[in-house]
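Given chain A, put chain B in place with the hints provided.
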Amino acid sequence: MRKFGIMVATAAMMATAGSSAFVQADEPKSGGTLVVGTTQKARHLNPAVQSGIATAVPGTQIFATPLRFNENWEAQPYLAESWTVSDDGKSITLNLRKNAKFHDGKPVTSEDVAFSLQTVKDNHPFKSMFAPVTSVDTPDAHTAVINFEKPHPAAFLAMSSALLPIIPKHVYGDGQDAKSHPANSAPVGSGPFKFSEFKPGEYIILEKNPDYFIEGRPYLDKIIIKNYKDPTSLALAVDKGEVNMYPFLATTKDIARLKKSDNVIVTDRGYEAVGPVNWLEFNTKNEYLKDKRVRQAIAYALDRDFIVNALHGGQSKAATGPIVPGSPFYAANANKYDLDLDKANALLDEAGFKRGDDDMRFKLTIDYIPNAAELQKGVAEYLKPQLKKVGIDVELRASPDFPTWAKRVSGHEFDMSMDIVFNWGDPVIGVHRTYLCDNIKKGVIWSNTQSYCNEEVDALLAAAGSELDQAKRIELYNKAQEIIVDEAPIAYINMLPYHTAHAKNIGNPPMTIWGTMAPMDEIYLK
Amino acid sequence: MNMAWMVVRRLFHAFVLVLAVLVLNFLLIHLAPGDPADVIAGEMGGATEEMLADIRKTYGLDKPIYVQLGVYLERALQGDLGQSFFYNAPVLDLVAGRAGATILLVVTALLFAIAVGTLLGVLASHKPKGIVSGLVTLVSVVGYSAPIFWTGLMLVILFAWVIPIFPIANMFDITKDTGFFGFILDVLHHLVLPALTLGIVYLAQYARLTRASMLEILGSDYIRTARAKGVAETKVYTHHALRNAILPVVTIAGLQFGSIVSGAVLVETVFSWPGLGTLAFESILARDYPTVLGILFFSSVLVIIANLITDLVYRIVDPRIRTGG
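From first to last, the protein sequence lines are chains A and B.
Residues 7 to 532 (the working numbering) make up the first sequence, in order.
Residues 8 to 332 (the working numbering) make up the second sequence, in order.
Just chain A, with the same shape it has in the complex (with noise of 0.2 Å):
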């Protein structure tokens, strides 16, 4: 049997202590009120059947998870005191705590680990966290054996934050649809922090849970989550102290003045896991954009630097491949393109593509999401002028609204577009989509959009999504995203300058790789 945790309580105390780094010298105190401020409004409070910031940052406080994971991508006991993976990597066995309970007083037991992984593979959107998952047996209240078709190490990250949420099944295993479930917007779990109310679109009030199974925590009575429809009036209040902390802050302008302020933190940490990445995205379907050499010279093209620190106030970074520069499978050696119109110009000529008598070779048009402007319609803008220089003239296509954008891209109906798309921690969740053959599925936002196909990364992938050895599966990884960036489906832009905004008399802010969407447990107001 290979360890992967410590079987002994204290590991416990260790796993609380995750973001020991941060914890300050003095004393946490006990008590207050955290006001939390956001744009993100909650459909409803369940994280098994809803994907999303907006439910996975209360989803986290109401419902523990069976691991959580601390800011150095290392797994840590939560629910699960400690666990074991077999010889062979297809099964992993979780030995939970024996004093966890739901906040309607009954036993968190592995009946309730087995109905919620059930639940997560049924109606969860990221269907890949849990697709190799062949049963959940149950030897005793406190066990927990998960069995895979083949080795799953994407099962860790996928046991954490808001993934795989502990649900009653006293509650939610009553019939209903859990989709639908009358319990997603008056939830019952085992995390920090109760269910108290809901209002959707205006605010969520979450507070202390007096049997929670970590002694001494949370330190906080009460988490208030307010709505806010406005990005900068939600900064004003940060700022004045109207709001205690603004995760998931965007916007480059205020992230600068936010930083300029006397009586507010800001910081990028907590976002390494979510990875979310700003890219152009091409249809290798289209009669152009079918030739590696079209698709490479746009990428040498654009200038990312003018981007980042022109276009966004040198308040985002630079994204250069499939998966995110704070992963631990992070491609450094795979091709940057660092601008270099020339080459641009001569992979064109070579295409074939060459200028006619307006100076232009041919013409595209481009798709981004509405309602980022400066992220998308900006870099659109941007991106204009930019490959006029090259000898492509581009249309700028605005859509109304999210809808009309997604029908566009997901129908295949479209010659490049922006997209933002997020990592969510392990590859195999939020990175294999991109880039299988059977995942270019129309009608799915996405999905493999780009229609880009090549057998070889469809390999390598699914290797590395059964790779248990770490540094093997680092190298598998290396080598897909090489081919990947080489052939250059997607021109990798920047990462979302996800910044949190928070008052100065916060102690332990969430620093974890998966910042708010994790238990705050640890934070306290000084």
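In case anyone wonders, no lab produced these hints; they're calculated from the structure.
Heads up, a few of these hints could be off.
[As the list claims (entries may be wrong)] Simulated restraints, written as ranges between beta carbons of each label pair:
{"id": "1", "chain 1": "B", "residue 1": "D184", "chain 2": "A", "residue 2": "E493", "range": "55 to 61 Å"}
{"id": "2", "chain 1": "A", "residue 1": "I271", "chain 2": "B", "residue 2": "L315", "range": "52 to 58 Å"}
{"id": "3", "chain 1": "A", "residue 1": "R361", "chain 2": "B", "residue 2": "F156", "range": "42 to 48 Å"}
{"id": "4", "chain 1": "B", "residue 1": "F156", "chain 2": "A", "residue 2": "T149", "range": "55 to 61 Å"}
{"id": "5", "chain 1": "B", "residue 1": "A11", "chain 2": "A", "residue 2": "G247", "range": "57 to 63 Å"}
{"id": "6", "chain 1": "A", "residue 1": "F312", "chain 2": "B", "residue 2": "K134", "range": "57 to 63 Å"}
{"id": "7", "chain 1": "A", "residue 1": "K532", "chain 2": "B", "residue 2": "I191", "range": "32 to 38 Å"}
{"id": "8", "chain 1": "B", "residue 1": "L80", "chain 2": "A", "residue 2": "K532", "range": "55 to 61 Å"}
{"id": "9", "chain 1": "B", "residue 1": "K183", "chain 2": "A", "residue 2": "I271", "range": "24 to 30 Å"}
{"id": "10", "chain 1": "B", "residue 1": "F190", "chain 2": "A", "residue 2": "P145", "range": "53 to 59 Å"}
{"id": "11", "chain 1": "B", "residue 1": "S152", "chain 2": "A", "residue 2": "N78", "range": "53 to 59 Å"}
[To be verified] Okay, derived cross-link-like pairs now, DSS-like style, lysine-lysine, Cα gap no bigger than 30 Å in a straight line:
{"id": "12", "chain 1": "B", "residue 1": "K183", "chain 2": "A", "residue 2": "K228"}
{"id": "13", "chain 1": "A", "residue 1": "K383", "chain 2": "A", "residue 2": "K323"}
{"id": "14", "chain 1": "A", "residue 1": "K478", "chain 2": "A", "residue 2": "K127"}
{"id": "15", "chain 1": "A", "residue 1": "K185", "chain 2": "B", "residue 2": "K70"}
{"id": "16", "chain 1": "A", "residue 1": "K156", "chain 2": "A", "residue 2": "K478"}
{"id": "17", "chain 1": "B", "residue 1": "K64", "chain 2": "A", "residue 2": "K448"}
{"id": "18", "chain 1": "A", "residue 1": "K185", "chain 2": "A", "residue 2": "K448"}
{"id": "19", "chain 1": "B", "residue 1": "K70", "chain 2": "A", "residue 2": "K413"}
{"id": "20", "chain 1": "A", "residue 1": "K532", "chain 2": "B", "residue 2": "K183"}
Quick reminder that beta carbons are idealized off the backbone N, C-alpha and C, glycines included.
Quick look at chain B alone, frame taken from chain A:
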């Protein structure tokens, strides 16, 4: 008798109108590209084909549109506006929960605008080429033409940031537990800036309208006659001129109250005011058909009520309509 008959006739017309509004809106929103499944998939960061089909089936979107329309109308006539696709909650609850906030905001802004606007208009009409008139015209034009979100943000920066006497956003402070009267005061405190923002836009219209209307009436024969009879100038203004000049103001107020949802969207957004305007806007983006239709239904009912009230007020203000029918 006459009056009762009028009300009955109006109500019948209103019913037909509401039905037409429902059908038209239903067809219009289904014309927009993309459907709730795309939006829900978008919110979730991705989905599979099976999931999309499943969502469409759950909400009946896999059926032909005339079947969907039939089902919707049948339920709507029984008072069931359906479940919100996005929030999974009854539309009636969502709309009812938000309507109060919007009505409070718009009525406050309207009353402020009517009172101050009419007063400014009358003042300006006194000496149409004087300084007061010029100032009123200038303020009206600026107030009316400035984008409403800009006015709102400027007021926020000025009165919530530079001089922090008002809160930045929301309708009340959920962190405070102040009891009933404390809550009322808190809401009023939060109401000032959004109502002022919205009021400034309306105000301009009333001031301009009153001024123009007053000027026209002050030049008419019966005013000259009144003055010739020796009626005091104040009385000429209040009893003779304003009473007639106010008719268009009543018309506009009725119209504006009817358009309460559309008027408040931007103000509600800037101040995160939990009203119908933002709910409508968000629901359209989310292709949340039942919620959009529910709000449109509610607002068309409001328009009809506002028109009825306008008619009644007309009869009070203008005796000619009372007898003429």
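Discussion item. Tell me the hint numbers this structure goes against, listed in increasing order.
Written reply: Violated: none.
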